[in-house]
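These are the residues of each chain, in order.
There are 2 protein chains.
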Amino acid sequence: MSRKYDVTGFGSAIVDVLAAVEDQFLLTHNIAKGVMTLIDEHRAAQLYDAFSAPREVAGGSCANTMAGLASLGARGNFAGRVKRDRLGTAFEASMRSTGVTYTTAPADAGPSTACCLIAVTPDGERSMNTYLGAAREFGLADVKDDDIADSQAIYIEGYLWDAPLAKEASLAAIKTAKGCGTKVAFTLSDPFLMGRYRDEFLSLLGDLDILFANEEEAKALFAVEAFDDVLQALRARNLIAAMTRSEKGCVIARGAEVHMVDAAPVARVVDTTGAGDQFAAGFLYGLTHDMGLAECGRLGALAAAEVISHYGARPEVSLKQLAGL
Amino acid sequence: MSRKYDVTGFGSAIVDVLAAVEDQFLLTHNIAKGVMTLIDEHRAAQLYDAFSAPREVAGGSCANTMAGLASLGARGNFAGRVKRDRLGTAFEASMRSTGVTYTTAPADAGPSTACCLIAVTPDGERSMNTYLGAAREFGLADVKDDDIADSQAIYIEGYLWDAPLAKEASLAAIKTAKGCGTKVAFTLSDPFLMGRYRDEFLSLLGDLDILFANEEEAKALFAVEAFDDVLQALRARNLIAAMTRSEKGCVIARGAEVHMVDAAPVARVVDTTGAGDQFAAGFLYGLTHDMGLAECGRLGALAAAEVISHYGARPEVSLKQLAGL
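Protein sequences, first through last, are from chains A and B.
For what it's worth, the numbering used here labels the leading residue of the first sequence as 174, then goes sequentially.
For what it's worth, the numbering used here labels the leading residue of the second sequence as 174, then goes sequentially.
Simulated from the structure, these hints should not be mistaken for lab results.
Built from N, CA and C at the ideal position, the CB exists for glycine as well.
Please note that a few of the clues may not be correct.
As the list claims (entries may be wrong) - Derived coverage of chain A by chain B (criterion: at least 3 residues anywhere in the stretch with Cβ under 8 Å from a Cβ of chain B; other residues may be distant): (1) 395 to 405; (2) 430 to 441.
Unchecked claim - Okay, the calculated bits of chain B under chain A, using three or more residues with CB under 8 Å as the criterion: (3) 398 to 404; (4) 432 to 446.
Generate the whole structure from the sequences, applying the supplied hints.
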């Protein structure tokens with residue numbers, strides 16, 4: 174392969190800010206327990222000030238996948254917008270420390286860097302408050318056609334459809350990719366997105382080479398209740414469908430080809446955050462390194478198993494070493 | 174369908190004899206806990222005498238499937254040998270009470286009717302002691318070509334390979350079926366059989382229209398460790414493969430066609446005995462009633478869910494009603 178990057182990823186550049194709190198904190202600050210709520214900048218600043226000894230780690234679904242790809246030894250490039258502020262600088266440093274190329278220019282003005290303020294209660298529940306900020310400002314001007322042409326694949330997170338400019342940029346990136354033989358991978362990201370963009374995502378399928386979806390997302394996309402109906406619907410499309418089913422493992426289909434790969438063993442499931450992100454990392458590594466579909470699925474399962482065995486959405490060990498690559 | 178029977182089944186005619194015992198009973202009588210042990214007639218008589226207040230119910234894998242088919246409303250015919258003794262008469266009566274036709278002539282001489290002496294300890298464990306007796310004597314003369322020609326399908330249990338005469342009879346039945354357009358269904362029955370008959374079963378695949386196997390049996394057949402390898406191996410064969418994976422549901426494949434059907438919900442799993450037998454019943458019902466493969470799988474899953482929700486290997490309610498047929 175003579176292309177510079179294995180994968181260029183497009184996603185929200187978000188810093189996770191975690192703090193241990195008591196349940197009373199949730200009541201005092203009116204935080205809904207165990208779910209994700211979108212918040213504005215004012216409230217983000219308020220909560221940030223209320224957090225004591227917060228821990229900041231770079232997050233974001235696609236960015237997590239890129240970190241996983243780097244851990245596997247792939248050459249990754251991430252595109253996503255931060256602001257030139259403290260969190261933005263931290264995100265950049267963290268992204269680059271993983272070995273991923275990251276050159277999207279930070280914004281000098283406008284909303285602050287996106288953050289997800291996560292209140293972790295003693296029972297281990299994570300109550301998330303997401304401020305999308307600068308990540309929403311990623312736009313057409315940030316799409317670098319040369320990078321796309323120099324990548325084996327691009328990978329786009331469905332979450333971007335919630336940001337009109339980033340969606341427009343994503344569609345432009347897909348068009349460019351199709352013009353230069355770069356494969357297009359997309360993740361449905363969240364079942365709730367189907368409520369808002371189901372028809373758009375269905376139309377998009379014709380432009381995709383690889384679709385990532387967990388079972389709930391895929392059922393919501395086709396508005397069906399049985400997984401078998403999802404399987405049949407996706408086999409009829411001209412793409413690779415990589416469907417994850419938690420402890421039931423994953424199913425990979427490309428027309429006549431169908432594979433079922435078991436979940437990799439995990440001694441103790443600690444935190445399922447990032448399982449889908451890391452599955453995508455393993456799968457995309459395999460796909461950009463000439464592996465068969467079943468092998469891609471096994472690598473995805475392995476990466477997912479690593480990340481759910483500890484807190485946090487990014488690998489804690491070298492996936493390259495873990496996979497014996 | 175103008176044929177008289179939907180399915181003619183060939184299997185061991187066994188009466189299950191269950192008794193509640195204390196753990197001390199297992200020690201006194203040298204019974205291995207929780208497993209199945211083959212025993213001879215003398216020991217069967219000894220244990221039978223030692224059982225207090227035993228409960229007798231007709232059993233046998235294929236016979237259980239035939240009972241399930243009858244409960245679904247199918248027209249079934251069972252072939253298997255008992256002796257004309259008390260247990261044999263009980264087996265005949267029980268089989269016929271389910272609505273299944275059963276005309277194999279009982280033996281007037283030779284070994285007694287097969288029985289499985291099951292010692293149930295207070296912890297719910299079942300320690301099985303099987304005496305194959307008269308069931309082993311099922312032979313060529315018991316294969317009725319007219320019945321085979323008048324059935325949509327025959328169904329044979331792999332257990333019969335442990336009885337040379339019954340195996341010879343089964344092979345003859347398969348040959349007859351192939352000569353008159355009757356479909357041939359076969360179950361691998363038990364992973365341990367692969368140790369003894371793996372090569373024979375592999376050769377047999379070419380003569381089968383439908384293969385039933387649970388995951389362990391199928392992996393043992395092809396000597397592979399990953400389920401995906403089983404799937405690929407069976408898709409390359411010219412048959413319908415119905416593979417059960419316990420709580421992971423079932424996978425049905427016929428060449429290009431692949432379906433994944435979830436396990437049907439069960440409030441509480443009480444006793445998994447008979448799950449595979451009843452899955453086969455549901456599946457064969459669907460197949461002999463012009464249903465699609467996914468629908469056959471769903472019916473199998475439903476029948477299996479019913480039988481594991483209570484003690485015993487045969488349905489306790491009308492499966493026809495449960496399935497809304």
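Verification of the hints:
1. A count of 5 residues in the segment 395 to 405 of chain A with a Cβ less than 8 Å from any Cβ of chain B is obtained; the coverage claim is therefore met, three being the minimum.
2. With a cut-off of 8 Å between beta carbons, the segment 430 to 441 of chain A has 5 residues touching chain B; three or more are needed, and the interface restraint holds.
3. With a cut-off of 8 Å between beta carbons, the segment 398 to 404 of chain B has 4 residues touching chain A; three or more are needed, and the interface restraint holds.
4. As drawn, the segment 432 to 446 of chain B meets chain A at 4 residues by the rule of a beta-carbon pair under 8 Å; at three or more, the given contact holds.
Violated hints for the displayed structure: none, as all numbered hints are satisfied.
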